[in-house]
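> Single-letter residue listing:
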Amino acid sequence: MIQLKILFYSMEVAIISGKGGTGKSSISAAFATLNDEVVLADCDVDAANLYLLFNPSNEEERIFVTGEKAFIDYNLCTNCGVCINYCRFDAISFKNRRILISEIACDGCKLCSRVCPENAINMIPNDKSRVYAGSFRNGKMVYGRLAPGEENSGKLVNIVREKAKQIAKTNGLETIILDGPPGIGCPVISTITGVDKVVIVTEPTISGFHDLERIVELVKKFNLQIFVIINKYDLNLSVASQIKTWCLRKDISLAEYLPFDENVINAMVQKKSIIELNPELEISLKLNMIWYIIKNQKK
Amino acid sequence: MIKIAVASGKGGTGKTFVATNIFYALMRKNFRAMLVDCDAEAPNSIAFFQTKLIKVSEVTQLVPVINIDSCIYCGKCREYCNYNAIFILPPMKIIQVIEDLCHGCGACSVACKYDAITEKPVSLGKVNLYSNNGEPLFIEARMNIGVMSPVPIIKEAIKNINNQAEIIILDSPPGTSCPFIQTVEPADYIILVTEPTPFGLSDLKQSVEILKTINKSFGVIINRVGIGNMEVYDYLTQENIPLLLEIPFKKEIAELYSVGKIASEKDFILEKQLFDTVENIILQYGSSYNKR
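From first to last, the protein sequence lines stand for chains A and B. Those letters in the first sequence? Residues 1306 to 1604, by the working numbering. Those letters in the second sequence? Residues 760 to 1051, by the working numbering.
Take the hints with a grain of salt, since some may be wrong.
To be verified - Below 25 Å or equal to it, Euclidean Cα-Cα: the simulated SDA-like pairs (lysine to any residue) are:
1. Lys964(B) with Asn1360(A)
2. Lys1010(B) with Asp1566(A)
3. Lys914(B) with Gly1372(A)
To be verified - Some residues of chain A that are not near chain B, with every Cβ distance over 10 Å (derived):
4. Leu1312
5. Glu1364
6. Val1370
7. Phe1376
8. Thr1383
9. Arg1402
10. Leu1405
11. Val1500
12. Glu1508
13. Arg1519
14. Leu1559
15. Met1594
Hints listed in this document are in silico derivations from the structure and should not be mistaken for laboratory results. Remember, predicted model here, so these are calculated numbers, not experimental data. Just so you know, even glycine gets a beta-carbon here, dropped at the ideal spot from N, CA and C.
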């Protein structure tokens, strides 16, 4: 007998912005509470915020090792200084006639530990970062928390995404919403690599426009379908329309305005998404329409 | 010289707004000040001033190049690489450097006993020097699109600081990971900019946690006062953190910012308040720095 299996595929939508504070998380929260249950993954591992709104249950907690740092065993160190010349991160110096490794500058390459003739340098893993998974009121949630000052956030984002996919599969959830970090570096690249759709949230300021240009250039390298939301467009109509014109020239699937509404902040204070606060507001209806297009538009 | 970093855990709270307006106020009082934009992923501060680009330096990183004629596929380089940036299949004589993962530490070159590894520079970004009257006044770290980490560019930008300057304002990248640490580490004082919302408070707490761990002096400016709630005030009182200044939420300020204008040019109260804030910081922390 041939067994027929249904292949399960969930759609991953990443919400990002070059510039911080344009409204990524508030918009992600709105999309996550519009209709069907979703998996919501907070990929802003540096400053995860969505758990504040949704207070997810803590069903799973995993340690994430971000890398290593070099530490000197002063019982063995002879202050020969061999390690200093090998370190390319300017992390090792002589201070008060003692070899000192700066924890901040150390990149964790381990070269000093390998070349030390006295075996006096040990590598200690950074294991303070975590990945959490649980349920929230409209589905499942995954989020990462990078311990302050640690690096390798891109790898942590990958783990959050893998976990989200696994949860989507076991629970039969069709949509994964990824709330991304600001910027254009490693964690952003990890957030958008291999997703189905990218939503870029910008604001009508010169800075917002400049950062949008940079992030669109990055996303284009990955050949992904791009949707742009010009949030708080009414703060500057002229810059907003410049951005919209630019988007149309750049072959972007959709560029939509979203009005400034203080209710977005009121919703946050009440630990709700704007949709949960009031689905009838102009901004809520608009978000509903934008999400419908994002979900259904084919490339 | 005193270095003051303007930072915030959360993006978009007004770091660049505060940094550029402070810098404007200092220039008007004829201080020898310098503004360093360390947000290499999204550099925006320089656009607020009339400037001339005077110097561009390329920031590069070394990556290994493997000479397959000398390589015996022993795998020692891969063993030394702590970033999994070398891929090797000895039986098939395949060896490949994954440049995106390489941090340029040079461990593989040390590992190789067959002289099969040389290194070549690859570009990560630029450090741009700008002036508006001949003297270098602005430094901008700008990461290339597609590069993973802004840290080497931030480090290079900070190295370019002119020793003649009296006051350095560092505009920090958002977040609390490496790029943030690299910017605040050399600073004598950190101004954290937040907004009175739950997200703002949550990110502020993370920044405070790290600044306490690395033993830095800091205070808080609350921007967009009038929106959100009062929780941030309770937190500051509870933790005994100085509240340096409150900037009200005004549509006019947002509009001036949106078109790349310095709000202090129109808002003299804001200019004075920011100047007084910085003057207090200099009086308190500048002198102790000189004694060091």
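> Where does the structure disagree with the numbered hints, that is, which hint numbers, in rising order?
Violated hints (numbers, rising): 12, 13; every other hint is consistent with the structure.
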